[in-house]
Amino acid sequence: MRHLLSIADLDVADANMLLDTADELKKTLLGRQVRKLPTLRGRTVVTVFYENSTRTRVSFEIAGKWMSGDVINVSIGGSSVGKGESLRDTALTLASAGADCVIVRHPASGAAHRLASWLDQTGVAVVNAGDGTHEHPTQALLDAQTLRERLGELAGRRVAIVGDVLHSRVARSNVRLLTLLGAEVVLVAPPTLLPTGVGSWPVEVRHDLDSVLGGVDAVMMLRVQAERMHGGFFPSAREYAVHYGLNKRRLDLLPEHAPVLHPGPMLRGMEISSAAADSERSQVTEQVRNGVHLRMAVLYHLLAGEEAE
Amino acid sequence: MAPRSARAGATSSQERELLVGADVARTIARMAHQLIEKTALDASDAPRVVLLGIPTRGAPLARRLAAKITEFTGVTIPTGTVDVTLYRDDLRRRPNRPLEPTSLPDGGLDDALVVLVDDVLFSGRTVRAALDALRDHGRPSAVQLAVLIDRGHRELPIRADYVGKNVPTARREEVLVRLAELDGADAVLLRRSESDVAAEDHTPEDAG
Numbered sequence: 001m002r003h004l005l006s007i008a009d010l011d012v013a014d015a016n017m018l019l020d021t022a023d024e025l026k027k028t029l030l031g032r033q034v035r036k037l038p039t040l041r042g043r044t045v046v047t048v049f050y051e052n053s054t055r056t057r058v059s060f061e062i063a064g065k066w067m068s069g070d071v072i073n074v075s076i077g078g079s080s081v082g083k084g085e086s087l088r089d090t091a092l093t094l095a096s097a098g099a100d101c102v103i104v105r106h107p108a109s110g111a112a113h114r115l116a117s118w119l120d121q122t123g124v125a126v127v128n129a130g131d132g133t134h135e136h137p138t139q140a141l142l143d144a145q146t147l148r149e150r151l152g153e154l155a156g157r158r159v160a161i162v163g164d165v166l167h168s169r170v171a172r173s174n175v176r177l178l179t180l181l182g183a184e185v186v187l188v189a190p191p192t193l194l195p196t197g198v199g200s201w202p203v204e205v206r207h208d209l210d211s212v213l214g215g216v217d218a219v220m221m222l223r224v225q226a227e228r229m230h231g232g233f234f235p236s237a238r239e240y241a242v243h244y245g246l247n248k249r250r251l252d253l254l255p256e257h258a259p260v261l262h263p264g265p266m267l268r269g270m271e272i273s274s275a276a277a278d279s280e281r282s283q284v285t286e287q288v289r290n291g292v293h294l295r296m297a298v299l300y301h302l303l304a305g306e307e308a309e
Numbered sequence: 001m002a003p004r005s006a007r008a009g010a011t012s013s014q015e016r017e018l019l020v021g022a023d024v025a026r027t028i029a030r031m032a033h034q035l036i037e038k039t040a041l042d043a044s045d046a047p048r049v050v051l052l053g054i055p056t057r058g059a060p061l062a063r064r065l066a067a068k069i070t071e072f073t074g075v076t077i078p079t080g081t082v083d084v085t086l087y088r089d090d091l092r093r094r095p096n097r098p099l100e101p102t103s104l105p106d107g108g109l110d111d112a113l114v115v116l117v118d119d120v121l122f123s124g125r126t127v128r129a130a131l132d133a134l135r136d137h138g139r140p141s142a143v144q145l146a147v148l149i150d151r152g153h154r155e156l157p158i159r160a161d162y163v164g165k166n167v168p169t170a171r172r173e174e175v176l177v178r179l180a181e182l183d184g185a186d187a188v189l190l191r192r193s194e195s196d197v198a199a200e201d202h203t204p205e206d207a208g
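These protein sequences, in sequence, are chains A and B. Each residue of the first sequence is one higher than the last, beginning at 1 in this note's numbering. Each residue of the second sequence is one higher than the last, beginning at 1 in this note's numbering.
Mixed in with the good hints there might be a few duds.
Computed Cβ-Cβ distance ranges for the label pairs, DEER-style [said to hold, decoys possible]:
no., chain 1, residue 1, chain 2, residue 2, range
1, A, Glu-256, B, Ser-123, 45 to 55 Å
2, A, Glu-204, B, Ala-67, 48 to 58 Å
3, B, Ser-123, A, Val-34, 25 to 35 Å
Lysine to any residue pairs mimicking SDA-like chemistry, simulated, CA-CA at most 20 Å apart [to be verified]:
no., chain 1, residue 1, chain 2, residue 2
4, A, Lys-26, B, Pro-55
5, A, Lys-248, A, Val-284
6, A, Lys-27, B, Gly-107
7, A, Lys-26, B, Arg-97
8, A, Lys-36, B, Glu-100
9, B, Lys-165, B, Thr-27
10, B, Lys-38, B, Leu-113
11, A, Lys-26, B, Leu-134
12, A, Lys-36, B, Arg-135
No lab work stands behind these hints: they were computed from the structure. A quick note: this is a predicted structure, and the numbers were derived from the prediction, not measured. Even glycine gets a Cβ: it sits at the ideal position worked out from N, Cα and C.
Working from the sequences, and respecting the hints, build out all of it.
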C-alpha cells in the first residue's frame, strides 16, 4: 500500500489486514496505563484539513502520537493557504519540509488523488481523510471494524445506510467496503438525496425506512449535510425527521442484535433522536474509539513497510 | 547409476535435518529440566515463573516447555505470548507484516520471573524488541531467554539462558524450525542458498 485514497484501491485481503491489525492494536493497548508504541519513531505525519473536523483529525493525531510519530496539524486558517497558496504548492512544501505522510481533507472530490499524484515521486504517503462527496476510506474501515465487533464476519449480513446518500462520502466508501466484504447494502433515502446512477451500484434502494428496519443486521445513519445543499432537497427538517429520522419507535423495529452507527457529528432530533443516539445499541462512541486503532493500523501499514516500496 | 542417497533430490541437498521428531521433544524436555533447576520453581520459596512465547513458533514452544515442567514437577506454569512487531527497529526495511496476538497470563508480569521463549536466536534484535515490549507490559523481577536453536551471528550483547542446540551457521544460511502445532511435524532444518549448493556440486569430491 503506497497511499490510502479510496476503498476501491483495496482488495479483500488488504481490507481484512487493516481490520485485523486494528483489532490487535486495540487488544494490545487495552487497559494499559502508557499507550505508547515506538513503531513510528522518527516519522512525521502532517494533517492538512481544508474542512472542519473533530473526530477524524483528532483520531489521526492520537493514532500518530500513540505510535511515537511526530504529528503536526496544519490549520488552514493560519497557513499560507489563506494567502492563496495552491494545494500543489502546499503539498510540495510539506514534502520538502520532511513529512512522511500527509493526511488531507478537502472539499473538492478527487483532491486526495491529485495530491498523491504530485507526491508520488517524493515517497510521501497520502491518506484521504474525506474529499468532497467522493470517499472517506478510514471512516468506512472503522465502521466495518465496529460492525465486526458486534456481528462477527460481515459476509451475508444486511446493512441499511440511511439518509443523505447524495452528499455522503461516508456512504460511498461504506457501500464499497461492505460489498467488498460480502455484506448486502440497502440504501434508504428520499429520491432527492440519492445520486444519479445509484441504479448501477451493487445495492438495493428503498424509500420507506419502517419497512426495511426489521430485516437488517445493522443500521448506519448519515448526517444531513446542509452545508452542501444548495436548494430544497426536502420540505423541512421536521418532515425529514418524521420519514427518515431514527427514533425510539424505529429503534424497536430493529432486530435485537442490530447496532446503530452514525459517523458524527449528529444532528439530534433530525436524523437521530436522543433516545436512539444514547441507547445501548448506539455505537457512536465505540466508532470514535475504534477510529484511533484503525488509523494506527493505516499509519503502520503505510509507514512501517519496506523503504524501497 | 542410482543417485547417492545424500543427493536423493534437490530438497535434500539444500536442506539438512538438524533435529527430527523425537530429537525436538528430547531437546525441549532437557530445556525444561534446566529451567526447573536454574529457577528452582519447584522449591517452597519459588519465584512466580511465567513463560512468554514470541510468535510465531515461540508460542507453541512456550506451551510445550510449560507442559514438560508440569509433567516433571507437578507445578503449573502460566504461559502467554508477546508480539514484538511494533517494537522492531527494522520495520522500515522489511515488508509489511500482520500483527500476531499478545496475551499475558492472569496476574500480569509484575514481579514475575519471565522466561522469553523463541525458536531461533540469531542477531538478537527480536529479543531486544521483546525486552522493549515487556517494559510496556509490566515490571518483571527478572527476564531470562530460552531458545530452541542458537545459530550465532549476534549483533547485540544478548545471550540465551537456555539453549536447545547450538548450530554454527553461515550468515546466509537459514535455520527453519517446524513444529507439529503449526507445520504438521517437528523438525529443525538448515537450508543452504542455491548458490552454495551449486558451488558444492562442482567440488572434486562430488565429481569423484
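Tested hints:
1. Glu-256(A) <-> Ser-123(B): 45 to 55 Å: Since the Cβ atoms of Glu-256(A) and Ser-123(B) sit about 53 Å apart, the hinted range of 45 to 55 Å holds.
2. Glu-204(A) <-> Ala-67(B): 48 to 58 Å: holds, 53 Å
3. Ser-123(B) <-> Val-34(A): 25 to 35 Å: holds, 27 Å
4. Lys-26(A) <-> Pro-55(B): With Cα atoms ~18 Å apart, Lys-26(A) and Pro-55(B) stay inside 20 Å; holds.
5. Lys-248(A) <-> Val-284(A): holds, 16 Å
6. Lys-27(A) <-> Gly-107(B): At roughly 17 Å apart (the allowed maximum being 20 Å), Gly-107(B) and Lys-27(A) satisfy the hint.
7. Lys-26(A) <-> Arg-97(B): holds, 17 Å
8. Lys-36(A) <-> Glu-100(B): holds, 18 Å
9. Lys-165(B) <-> Thr-27(B): holds, 8 Å
10. Lys-38(B) <-> Leu-113(B): holds, 11 Å
11. Lys-26(A) <-> Leu-134(B): holds, 17 Å
12. Lys-36(A) <-> Arg-135(B): holds, 11 Å
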